[in-house]
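Protein chains in written order, with our numbering: chain A, 1 to 446; chain B, 447 to 531.
Rather than coming from a laboratory, the hints here were simulated on the basis of the structure. Virtual Cβ for every residue (Gly too), placed ideally from N, Cα, C. Just so you know, not all the hints are guaranteed correct.
Dumping the calculated BS3-like pairs for lysine-lysine here, alpha-carbon to alpha-carbon at most 27 Å [said to hold, decoys possible]: (1) Lys474/B - Lys170/A; (2) Lys482/B - Lys171/A; (3) Lys170/A - Lys482/B.
Covered stretches of chain B, as calculated for chain A (at least 3 residues, CB under 8 Å) [claimed, not checked]: (4) 492-498; (5) 519-528.
Stretches of chain A that chain B covers, calculated by requiring three or more beta carbons in the stretch to come under 8 Å of a beta carbon on chain B [unchecked claim]: (6) 19-27; (7) 255-262.
The lines below spell out each chain.
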Amino acid sequence: MSSVQESGCKSIRSDSGLVEEHPCYSEGASHRYARMHLAVAPACNMQCRYCNRKFDCANESRPGVVSGVLAPAQALERAGEAMGRLPNLRVIGFAGPGDPLANRERVFATCKPVRKRFPDVHLCLSTNGLHLPEAVDGIVGHGIRHVTITLNALDPEVGAEIYSWIFWRKKRRRGVEAARILLEQQLAGMSALLARGVLVKVNTVLIPGINAGQVSEINRLVSDAGVFSHNVMPLISAPEHGTYYGVMGIPGPSEAELQQVRGLCQGSARLMTHCRQCRADAAGLLGMDRHNELLPASPGGSRVIPIHRPRREPVANPVLLAVASLTGETVDTHFGHAGFFRIYRVSGDRIEALGERVVPQYCQGDDRCVEENHVLNNALNALHDCQGVICSRIGYTPWQALLARGIAPVNRHAEQSVREALRQTALMLQAREGAAIPMAAAVGMQ
Amino acid sequence: MLALIITVECIACWACEPICPNGAIRVKNEIFRIDKNSCTRCEGHADLPQCVEICPVEGAITDAEGSAMNPPGTLTGIPREKIPA
Chain A
1 MSSVQESGCK SIRSDSGLVE EHPCYSEGAS HRYARMHLAV APACNMQCRY
51 CNRKFDCANE SRPGVVSGVL APAQALERAG EAMGRLPNLR VIGFAGPGDP
101 LANRERVFAT CKPVRKRFPD VHLCLSTNGL HLPEAVDGIV GHGIRHVTIT
151 LNALDPEVGA EIYSWIFWRK KRRRGVEAAR ILLEQQLAGM SALLARGVLV
201 KVNTVLIPGI NAGQVSEINR LVSDAGVFSH NVMPLISAPE HGTYYGVMGI
251 PGPSEAELQQ VRGLCQGSAR LMTHCRQCRA DAAGLLGMDR HNELLPASPG
301 GSRVIPIHRP RREPVANPVL LAVASLTGET VDTHFGHAGF FRIYRVSGDR
351 IEALGERVVP QYCQGDDRCV EENHVLNNAL NALHDCQGVI CSRIGYTPWQ
401 ALLARGIAPV NRHAEQSVRE ALRQTALMLQ AREGAAIPMA AAVGMQ
Chain B
447 MLALIITVEC IACWACEPIC PNGAIRVKNE IFRIDKNSCT RCEGHADLPQ
497 CVEICPVEGA ITDAEGSAMN PPGTLTGIPR EKIPA
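Can you make the complete structure from the sequences, with help from the hints?
Below, the structure written as structure tokens:
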């Protein structure tokens with residue numbers, strides 16, 4: 001171990017809290033301290049085969065998934081809100097939904113005010129490493145002391161099986177060329193961070209039949225380099241995720257396979273086994289996510305909701321909207337819990353209340369929900385002429401059912417004022433002449 | 447050369463916006479479009495249009511005739527017959 005790394009280790013031990021207060025670096029901390037991810041980084045510079053950029057899920061927990069992307073100012077607001085609600089919050093991280101270093105300006109622009117307002121909070125960042133070397137000064141300069149690099153292969157032939165492409169020097173590059181560039185960048189970035197005293201964690205996604213044979217070698221290499229922790233995590237893969245591995249039927253490892261591969265990791269890096277593979281907008285203790293409370297999204301099982309939708313015809317002005325709101329002041333009601341919807345006609349800034357429509361409650365709060373399609377249909381019939389339904393949350397089944405009827409489910413305005421939600425939703429739905437409307441924009445994603 | 451077009455497939459990920467050498471990517475209410483008077487398809491700047499090269503979604507950018515610059519399967523590697531509807 002070099003003297004630089006030794007001094008790095010000493011400073012880590014003496015710098016109280018760097019490890020002890022970060023739930024991802026210390027299992028003990030994971031029971032005591034909360035973290036939150038600020039989803040300010042929508043762009044990515046490569047395509048991993050376990051990721052699908054077209055999917056959002058309101059209720060699913062896996063990396064790369066968010067319910068909405070935040071501008072730096074909104075991120076500060078969300079951080080402030082979280083600090084109020086989660087008194088044990090010690091870590092604010094940047095994890096996507098794209099790659100934080102493909103959105104460096106947004107991330108660093110968020111770091112500045114967050115650090116100023118919450119000087120005791122640890123900042124951390126997670127990256128694929130492609131643009132790590134040139135970002136090291138910025139990372140250190142903005143007070144980020146924890147960085148996680150995802151390193152899945154040392155052999156570019158294996159890397160070529162994991163990454164579809166990278167965007168590098170004005171070109172989309174593929175195959176072994178792409179994997180080689182990525183690896184060089186990852187290793188150079190890792191060394192530079194370690195030399196600057198940053199606490200580095202390496203994540204490796206265990207993909208059975210693809211990189212299982214690489215993991216112990218990765219463990220040895222990163223341990224020898226001075227990486228603090230190595231997290232060997234299972235591939236998450238299901239057909240409905242729409243990822244390459246999901247669609248191609250390449251499943252994640254069994255618990256036994258995972259344990260076996262972890263067992264081969266004998267390097268000095270602390271093996272992280274308590275990872276919960278968080279969403280890019282997670283908040284709270286690991287495994288007890290509370291992001292919904294901060295910026296509510298739809299619940300409804302562990303299913304995915306595509307963030308892009310088929311083209312809709314532009315909506316005429318005015319717009320007819322339904323709102324699930326008990327009080328009429330704020331968007332406070334779950335679609336499935338609404339006994340009635342308030343109907344409004346919105347034209348520019350003019351909002352006209354047309355009264356209420358009573359509907360049979362769709363969700364009884366148990367497993368019967370999904371089965372009771374006739375009840376759902378009654379609700380949908382009552383809203384047949386609306387262009388959108390604004391609610392605080394909504395399940396997957398009604399979400400899909402609304403879309404199928406050309407009604408936009410809108411859950412991005414939860415707990416906001418009804419008037420503002422109506423105004424913004426109408427704006428969203430009123431397409432400019434001839435412009436294609438990404439339904440992502442209309443229904444909740446960024 | 448006619449400008450490129452962003453379609454309904456766009457997921458509003460912002461990857462293209464900062465790398466367009468002509469500042470031709472316009473964003474309003476999270477709807478992205480390419481200003482046809484500013485787009486040069488990156489001629490003289492790069493071999494291929496930069497938005498096309500970084501876009502993660504197949505079919506999200508087309509030429510003026512509506513042909514996808516990144517056709518189905520070319521970015522994910524998923525064979526056409528297996529692409530979910």
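Here is what the structure says about each hint:
Our distance criterion of 27 Å between C-alpha atoms is met by Lys474/B and Lys170/A, whose separation comes to about 26 Å. As the CA atoms of Lys482/B and Lys171/A are separated by approximately 22 Å, the hinted pair is consistent with the 27 Å bound. Taking the CA atoms of Lys170/A and Lys482/B, the gap is about 21 Å. The hint holds against a cut of 27 Å. Requiring three or more residues with a Cβ within less than 8 Å of a Cβ of chain A, the coverage given for the stretch 492-498 of chain B holds, as 4 such residues are present.
Three residues within the 8 Å Cβ limit are the bar, and the stretch 519-528 of chain B against chain A gives 5, so the coverage statement holds. Counting residues of the stretch 19-27 of chain A whose beta-carbon sits less than 8 Å from any beta-carbon of chain B gives 0, not enough to reach three: the coverage restraint is violated. Check result for the stretch 255-262 of chain A against chain B: violated, 0 residues qualifying (beta carbon to beta carbon below 8 Å, three or more required).
In this structure, the hints that do not hold are numbers 6 and 7, in rising order.
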